[in-house]
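Novice: Each chain is listed here by its residues.
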Amino acid sequence: MGKYILKRVIQFIPVFLGVTLILFVMENVVPGDPIKLMAGEKKLDAQTELNLRVAHHLVETDENGNALYDEAGNPIATPMWKRYVLYVGGLLQGDLGVSYQRAGQSVSDILMSKYPYTIKLSIVAIIIETVVGIGAGMISAIKRYSFWDVLVTLVTSVLVAMPAFWLGMLLQLFFGIFLKDATGGGFYLPISADFSPYAEFQGWAYYILPAITLASVSTAYAARIMRSQLLEVMNQDYIRTARAKGLSRRDVIWHHALKNALIPVVTYIGNDFGAMMAGAILTETVFNWPGVGYETYRAISSRDWPIVLGSVTVIVVLVMVINLIVDVSYAFLDPRIRYGAPKDQG
Amino acid sequence: MALDKTGGVSRRTFVKGGLAASALAALAACKNASTSTDSSTTTGGTDQAASGGTLKFYINDPVAIDPYNVQESEGTQVEHILFDSLVNYDWDKEDYVAKACEKWEVSDDGTEFTFTLKDATFHNGDKVDSASFKRGWERLADPKMTTPGEIGYHISPVAGYDDMVSGAATEISGLTCPDDKTFVVKLSYPMADFLAVCAHPGLAPVPQAALDDADAFLLAPIGNGPFQMDGKWESGQYINVKRFDDYYGDAPKLDAVNFSIQKDPDTAFREFEAGNIDFCQLLTGRIKEGLEKYGESEDGYTVTPGKQGLIGAESSIYYLCVNVDDPVMSDINLRHAISLAINRQNIVDTLFEGVRKPADCVFPPIIDEDSSNVWEYCAYDVDKAKQILADNGLEGTEVTLSYNSGGGHEDIMSIVQGDLEAVGLTVTQNSQEWAAYLSGLTDGNFQIARLGWIADYPTMDNFIYPNFYSTADNNYSRYNSPEVDAAINKARAIVDEDERKAAFRAINQQIADDLPIIPIMFYAHNHVGSEKVESLYYSPQGLAGLASASLKV
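Chains as they are written, first to last, in UniProt numbering: chain A, 1 to 346; chain B, 1 to 553.
It should be emphasised that the hints constitute simulated quantities derived from the structure, not laboratory data.
Among the hints, erroneous ones may be present.
[To be verified] Which bits of chain B does chain A cover? Going by a derived footprint, with three or more residues having C-beta under 8 Å, they are:
hint, region
1, 142-153
2, 162-168
3, 212-224
4, 228-236
5, 431-440
6, 469-476
Keep in mind it's a predicted model, so treat the numbers as computed, not measured.
We treat Cβ as the ideally placed atom computed from N, Cα and C, and that holds for glycine.
Work out the full structure, taking the sequences as your base and the hints as a guide.
Specialist: In structure tokens, the structure reads:
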């Protein structure tokens, strides 16, 4: 078992290096100089610009931290590979670098202050996904071809096809604006995150619309998986045996069918947690949510590469660890995987 | 960019209402409440009266609130109520007034400024002495900061600045502290307008804590201003500040300010309508509607109940930058014709509901209003434009208009394109993403590009030098006129206010014929306050005077 885990951990290395390398190349291909961007329309003077490049290791320096120049008198830019080695070196010591645009703030501090919000939002979304997804899927399967089944199928089709940010905007329009106008401000849901001590709503109200938006697509898939799994299980021989023994339909579903049907759904939802943390960019942007997703979006548009690299690095590690946990638990349950029997190494 | 405006209109009305007395009473009551919460004999009613309330103010997430790097309006707004610089511009008196300093003296040659400081303390109890100013100014130029500041250029006239910013020195030799109360600034060349620079919020004093714990200071700066941080800056969410009770100046009426960070003006306005924000922007395109609903302020700068909408001219200009090195655009006749062909009033009326002003020179009226400033070629004269093109065989010339996508520039550029095509030019639009657009500007890879200039300080110099001096950083048009350079050098050294103004007016006319930029319009702010606001002044530099604002309680 230990050997299997070790093998998997060693496999992290190439994946990790590959992803960060791709990002590093992208950073050099995308137009726009982040240092020039800092001051906006007002151009930086040459010395300040150079100081900023030195501070961010974008130009070569001597041991005293003074910039080095080529024969023409221009500062020598640090080659990409060198910056990459520097980045990975820093990373191994837990240093994600310093943001370009957020003067002087370290990337790890920024991400640490943002993750709690993304995690909390993801947890609420997972709860919605679990309760609504499994519930709707069950109703759909049990009352097959009924009005409810058709409704669930229809709604899930729409949700799967609908971009999350658009759903978010529709929800804002309806619950935040129309409803408020219609009730004269008596009832509505907050549409932008405001966690200040002066917020008029209790904190939970702010979660409702973003969490629904974030959960929408996954909930639809969870409902569909639940429906098909339950239907499949209901056709199994042991269910027929159970029914033949005279158990009620209700008992059969609750005590025999559900447990087995739930396994794939729960696996799906578990894996989805990682995906939500990564996929919160659109939702957080629409709702002004102070999490990692919105921060990453802003970093991309302002070419704040250290933040982009940092947040992607964290997500990559997170997803790899979650995958490892899932795979190890499978390996624990099924010895064939441990001993190298054919199995896809997700 | 920008100055405080304690001396604004609100302060006047404030004083009429008996500011001194009420503020003292409020302060006394406040102290009373905080020291005797347990002995409930007298405080009940006093508490009520003492409460100045919390004003909720919309901003975008700032770049920095630490003075060493305040550059955009949002960070400046927060920073300048946490910190006081030496002097302050009073828009009412149209002159500088002492703030953190008691008085100042300028040497006859305009190169040495001596400030005598007031007795004051930082929010952590440290004394504000001359060393704290030196410390604060040197941080602007320190290349060894985790991220060096970007606003050091403001103090570049100070002797020794270049050595420090290039790493050759660890101090700025031109800044000296003969004693705790005296701060002396020596310039490397005469610059009579340097007092305006001293009003910049970035030139504030900082306590030793700024060096000892720079990371903490970044998110919770300790200043000498009327408000102090209440917790730290929660990026993307809020910044809270509360009244600083040991402030040396007039005590603010407000108990606290909550800077509510929203991602854009639309979201902020919805929160305003929901009653969660007290001050934000009126949405472009719905300005007139907003003014009808909330009432229009009389002076355009002060919110009072029932007159809550603000339309006020600002010290900034929107212009087209012409690349004078470009083979096509170097033809001065073409530049004349283009400028004459643009219907500026039409742009202002159709896109900005008439609230902005067409630009006829480089100085916004709030900076200098003088009939001699007007540029001949800023008139709208289609026939003359056509005539110039015909006389010089320029019909059908192809020109490219560059601009950054988003921000409504498409609309402006499309109107300009229509105007230019109407006189027989062939126009191509080149819309680029912001980052790529800036690179193009820096590399000189454009013919005509849009730009805006917001004054760092309300001086004529600040509109001329950065944009037209041949070696100035912001001179994107690559304008190079030895006569203009010489005239600027001369004008900057004139100590007499009126003479200096006259000199800058003359320079403005020197540039007028060359048209290195084509002025389009002067910005105006369009903001709105809630009914809860009793008085709030918003300056032509786009900064709210929160230290003198009050809420209805």
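Novice: Could you run down the list of hints and mark each one as holding or not?
Specialist: Results of checking the hints against the structure:
Figure legend: the region 142-153 of chain B, annotated as covered by chain A; annotation consistent (10 residues with Cβ-Cβ distances under 8 Å, at least 3 required). A count of 4 residues in the region 162-168 of chain B with a Cβ less than 8 Å from any Cβ of chain A is obtained; the coverage claim is therefore met, three being the minimum. Coverage of the region 212-224 of chain B by chain A holds [criterion: at least 3 residues with CB-CB distance below 8 Å; count 4]. For a cut-off of 8 Å, the count of residues in the region 228-236 of chain B with a CB near a CB of chain A stands at 3, and the three-residue condition holds.
Requiring three or more residues with a Cβ within less than 8 Å of a Cβ of chain A, the coverage given for the region 431-440 of chain B holds, as 6 such residues are present. Against chain A, the region 469-476 of chain B contributes 3 residues with a C-beta closer than 8 Å to a partner C-beta. That satisfies the three-residue criterion, and the hint holds.
The structure shown violates none of the earlier numbered hints.
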